[in-house]
Structures are given as C-alpha cells and as structure tokens.
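Colleague: Given these sequences and hints, build the entire structure.
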Amino acid sequence: MLRNTKKEWLIAYILVAPFVAIYGLIFVYPTVDMFILSFQDAPLIGTGDFVGTENYERLPRDRRFNTAFWNTAYFVALTVIPGTLVALAISLGVTRLSGRLQSLVLALFFLPYILPVSVVFRIWDWTMNFQFGIAMHLLDALGLERVPVFQTSTFFMPAVAFVTIWWTCGFSVLLFLAGLRAIPQEIYEAASLDNTSRWRTFRHLTWPLLWPITALVLTIQLILQLKIFDQVYLFSQGGRPNDNLVMVYYIFQRAFVNNQGGRAAAIAVVLFIMVIIIAALNFQLMRLSERNK
Amino acid sequence: MTPKTVRRVNWIGGITTVLTVVIAVLWAFPLYWGIVSSLKPENEVVRPFIELWPDTLTFRHYWFALTETQIGAWYLNSIVTSLGVTVVTVTTSLFAGYALSQLRFPGRTILWWLILASFMVPTQVLIINHFVLMADMGLLNSWAGIILPQLIHPVIIIVYKQFFDQVPKDFREAAAMDNASEWNVLFRIYIPMNWGVTTALSIVTFIWAWNAFLWPFLAVTKTEMMTITVGITQVFDAFGVYYARQLSAAVLAGFPVALAYLLFQRKVTQAITLSAGIKG
Numbered sequence: 000m001l002r003n004t005k006k007e008w009l010i011a012y013i014l015v016a017p018f019v020a021i022y023g024l025i026f027v028y029p030t031v032d033m034f035i036l037s038f039q040d041a042p043l044i045g046t047g048d049f050v051g052t053e054n055y056e057r058l059p060r061d062r063r064f065n066t067a068f069w070n071t072a073y074f075v076a077l078t079v080i081p082g083t084l085v086a087l088a089i090s091l092g093v094t095r096l097s098g099r100l101q102s103l104v105l106a107l108f109f110l111p112y113i114l115p116v117s118v119v120f121r122i123w124d125w126t127m128n129f130q131f132g133i134a135m136h137l138l139d140a141l142g143l144e145r146v147p148v149f150q151t152s153t154f155f156m157p158a159v160a161f162v163t164i165w166w167t168c169g170f171s172v173l174l175f176l177a178g179l180r181a182i183p184q185e186i187y188e189a190a191s192l193d194n195t196s197r198w199r200t201f202r203h204l205t206w207p208l209l210w211p212i213t214a215l216v217l218t219i220q221l222i223l224q225l226k227i228f229d230q231v232y233l234f235s236q237g238g239r240p241n242d243n244l245v246m247v248y249y250i251f252q253r254a255f256v257n258n259q260g261g262r263a264a265a266i267a268v269v270l271f272i273m274v275i276i277i278a279a280l281n282f283q284l285m286r287l288s289e290r291n292k
Numbered sequence: 000m001t002p003k004t005v006r007r008v009n010w011i012g013g014i015t016t017v018l019t020v021v022i023a024v025l026w027a028f029p030l031y032w033g034i035v036s037s038l039k040p041e042n043e044v045v046r047p048f049i050e051l052w053p054d055t056l057t058f059r060h061y062w063f064a065l066t067e068t069q070i071g072a073w074y075l076n077s078i079v080t081s082l083g084v085t086v087v088t089v090t091t092s093l094f095a096g097y098a099l100s101q102l103r104f105p106g107r108t109i110l111w112w113l114i115l116a117s118f119m120v121p122t123q124v125l126i127i128n129h130f131v132l133m134a135d136m137g138l139l140n141s142w143a144g145i146i147l148p149q150l151i152h153p154v155i156i157i158v159y160k161q162f163f164d165q166v167p168k169d170f171r172e173a174a175a176m177d178n179a180s181e182w183n184v185l186f187r188i189y190i191p192m193n194w195g196v197t198t199a200l201s202i203v204t205f206i207w208a209w210n211a212f213l214w215p216f217l218a219v220t221k222t223e224m225m226t227i228t229v230g231i232t233q234v235f236d237a238f239g240v241y242y243a244r245q246l247s248a249a250v251l252a253g254f255p256v257a258l259a260y261l262l263f264q265r266k267v268t269q270a271i272t273l274s275a276g277i278k279g
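The listed protein sequences correspond, in order, to chains B and A. 0 is the number of the first residue of the first sequence in numbering that gives the first Met the number 0; add one for each residue after it. 0 is the number of the first residue of the second sequence in numbering that gives the first Met the number 0; add one for each residue after it.
Since the hints were derived computationally from the structure, they do not count as laboratory data. Values in this document were obtained by computation on a predicted structure and should not be read as measured data. From the three backbone atoms N, C-alpha and C, an ideal C-beta is built for every residue, glycine too. Just so you know, not all the hints are guaranteed correct.
Restraint ranges, calculated between C-beta atoms of paired labels, are given here [claimed, not checked]:
#1 A:112 / B:13: 39 to 47 Å
#2 B:46 / A:103: 37 to 45 Å
#3 B:13 / A:166: 16 to 24 Å
#4 B:136 / A:40: 14 to 22 Å
#5 B:97 / A:45: 37 to 45 Å
#6 B:17 / A:79: 13 to 21 Å
#7 B:211 / A:40: 47 to 55 Å
#8 A:45 / B:20: 35 to 43 Å
#9 B:286 / A:222: 44 to 52 Å
#10 B:282 / A:55: 25 to 33 Å
Taking lysine-lysine and the DSBU-like style, the derived pairs with C-alpha atoms no more than 35 Å apart in a straight line are [stated by the list, open to error]:
#11 A:160 / A:266
#12 A:266 / B:226
#13 B:6 / A:221
#14 B:226 / A:168
#15 B:6 / A:160
#16 B:5 / A:160
#17 A:168 / A:266
#18 B:6 / A:168
#19 A:266 / B:5
The following residues of chain B were derived to be distant from chain A, with all beta-carbon distances above 10 Å [to be verified]:
#20 51
#21 150
#22 275
Modeller: Shown next, in the form of structure tokens:
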C-alpha cells in the first residue's frame, strides 16, 4: 500500500492538536512558569524581582518546611507498606470467594474508594467524634481514655493514615485480584498434590508470582501519598494545621494564605524534584529486579 | 491426599471465608453508620449508644439540605464540570491515542515520551501557576476555570494507544483496499471496536472529576460556584453543628458516584485496573 505521507501527517496533526494545545497550556507552560516563579520574590498574583536562589536557601532553616517534609515522610511510612499489606491480605481473602458473594464482598471493600474525600472526611469525623462518635464508645468499652483524635499532634497522622488506607485500599485490592487471577490454577494443584503447607505455598508460589503487582502497587502508593493534601487539610480544620503540615499543604499555605507565590513555588519545585527522583529510582529498581530473575 | 488433610484444608478455608465476609461488613460499616445517622432526628443522633436503626425515621435533614442550602447549585456545578472534564479528556485522548498508535508523523516519538513522563509528574505542584493562569484568563469562579486544569490524564491516552495497537492490521489494510479515508477508518472501525474501553474510561474520568477536591477548592471562592465535593466541607453556616445535617449533605454528595459504581461495577473495575497499566 502506497502511503500518502503528507496527508497522513496532516491528519495526525489535526488529531493531536487539541490534546497538544491543552497539554501546552495546562501542563508545559505552568511547569516552566513554576521554575521561573521560584526565583522571584513575587506575591501570588503580580510580578516580583529576581532574587536568585534565596527562596531555596531559606528552606533548610524554615521550621514549617521541616515539619512539612518530615510529616510527609512519616505519612508515607504509615500508609505505603501497611496499606499494601492490608490490600494483599484482603485480596487473598476475596479471591477464595466466588460468584455473587465475591462481587458483594469486593463491593464492600471497594465502595470507599469511589467516594469523594469530603464524604470520607465527614463519615470519619463523625465516627471519631469526641463526644458522640462510635469509635469513642469502643474506647470506653475497652476501658481506655477518650482522645480528641484530630486535635492532638500524636494521633493526627496515624488517624489520617488509617482513614486513607480505609479509603484507598480498594484500588490496590483490584490490582492484586487481577494479579492473583493471572496465576495459573495448575500450579496450586501441583502444590496441593505435594502436600505443601499453606504458608509454604504462599511463600514460594503466590508471593514471588505476585511480586510484579506488589511492586506496582507500592510504586503507585508511594507517588500518591507524597502528594497528600485533601485529608490532612480537611481533618486539620479546627485542629492544629501548623503541626500537621505536609508538602502540598505548605505550598497551599505559602501561596494562598501568606500570599508569597515565589516562596511557594520553591517548595513546589522541591516536591516536584522529589517525586521525579523517587519515581525514576523506583523504575530503575523494578527494571533491575526484572533482570535478576 | 489423605482424608485428614482434606478436612484440615477445608477447616482453615472456612475460617478464612467467614473472616473475609465479617471484615468486609465491618469495613463498610462506617458508610452504613453515616447513612443511618443522617436518617435520625438530631436528638437520637447524639444518644450515647449504637442504635443500628432509627426509632423515628426522618428525611427532614435531606429536605433541609435540598431546600435551605445551595446544594442544588453545587450539584449542577459538579455535574457540568465533571461532564466537561470527561468529554474533553476522553475525546482529545482518543484522537491523540489513535494518531500515536496508527499514524507516522514527525514529532511522534517526542510526544509519546512527553506523555509517559508527565505520568509521573504530580499536578498538585502546579496549583500556584494554575491559579495565576486562570486568574489571568479571568476564569476563577467559573465552570471553565474548574474544568481546564483537570484535563491532564495522560493515562487515558496510554490506554487508548494500547487498545488501538491491538486492533489487527487486516482491518486497516482491507479499508485501504476499499479506498476508505483515514476518518472512515477511525470512526467506522477503531472507535466502534473499542466502545467498551471508551465507556469504562468515561465512567472513571467522571468519578475522578466529581471527587476532585484540591483544584475546585482553590478555583472557587463564591459559594454558589462551588462543586458539591468542596461545598459540603467549606460552608459551615449552611449546616451548623448539626451532625445529621452534615451527614445528609455528605450522603447527597457521594450518592451519584456510588450509584455509578454499583450500576457499572464491571466497567469501573476494568477501567481502574487498566489505568494502573494492567490488562483487566
């Protein structure tokens, strides 16, 4: 078949044009603009003078930046691996079920993921309400002291991490289920003929075969949780926002509360680079582990 | 296999099954608790024990939310902006995905790499510059302003490209024999063959847009322009410290997406696994 190259180009450009236009306006331009802004002492709206790397030099001595940085790391530690393990356990349970029962149980685990963050916030704010929440009845029943969970800096991050795992776990469960379905049933039949114990079957068959999915879930979770904002912001209302800062929250505070666009952009650049480095490292690690097999 | 092992295996299996079901029920319990609390009169809501069903069932709080607050306007804003995001994202991604999969043109490789790279970039870091850009364009507090920055979903292009790559080449060659134009090939063969993916991707894009919080929260300062996701948490005086009222508003905000999921459960799960790069 003779291809009419010029015409093919034209059609291709017409097809990609709307996407490229949006992508340029909403993605490429703002990204470049963010880097430029981070070297200026500009307010949120309006122009500023070029100040070199001053916005960056301030960061190591900035108390709020340190809080935001370590809280983000803490939050990642509290959610990524625990959340992945919970999802794995759930999917191992769900995969045993079949038919209608399976889809019902899966729906129960998955429903929270589909809900907006503000609904999740309302539900848990109510459940953990200091005066009337059922979680407090539970503490009473256990003979423990009630805690105003979201007003204390000790319990804030773990509680938000718990809610986040509850909320987003369904997503990872779906991925694990897809992975488990892809494992051929004959392998298990062979193992059960050999009278292999459950734990050994899991350890030597399921876990290694599922590892690519586990690595994928961990990567997605890691990148997702670095960008946390919504839950932390919502649960901080009426609490102690300055103790609960995370990176995106601090960008928001600097830009929209303190009206310092330049300094906020510097924090944004730091987070941007953090995510890129972690994503690239992760990708390399996954490639290496593939090669070692 | 000896009879003894069979019994052991079934026993453990049975416990696991029961445990899974029990945990699933507990997992969803807060959702039930939120809904049931929103159906109780305020004085019952604050009773110090767990009552699984209201003594007096009331829809008063829903009536209040629908008539006394701006929830109607928020619903409209959410529907319009989520539909806008869905239609624009899915159509532009479909066209771009088709071109990347089926056509050869200068710049193709660079574009593909850019899309793959932007997959990793967190759009949350762009909030400042999105805000400045939308302010410059005079789009704050408008539907267009809520929609525009939400249009970056590179994953949808990636999924489309994969699907178009898998359409057998025979279709293309047969169409070329008939002298069919490129547009005919796209609209008569490739799009109809992939309706399933298009619906699945549209449903999840809609759900994502409906659930978006950070950007709609920043883009809107006027209460009547808020989306429902933002409105129910930002307008305190509308609901007061009435737990049941707040919960009824939350149920109203979550209802459309929960319904979409329950109706299209298979499509949603397919699209979610696809979006993570796994063939569902």
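Colleague: Name the hints, by number, that the structure is in violation of.
Modeller: Those not satisfied are hints 1, 8, 10, 13, 14, 19, 22.
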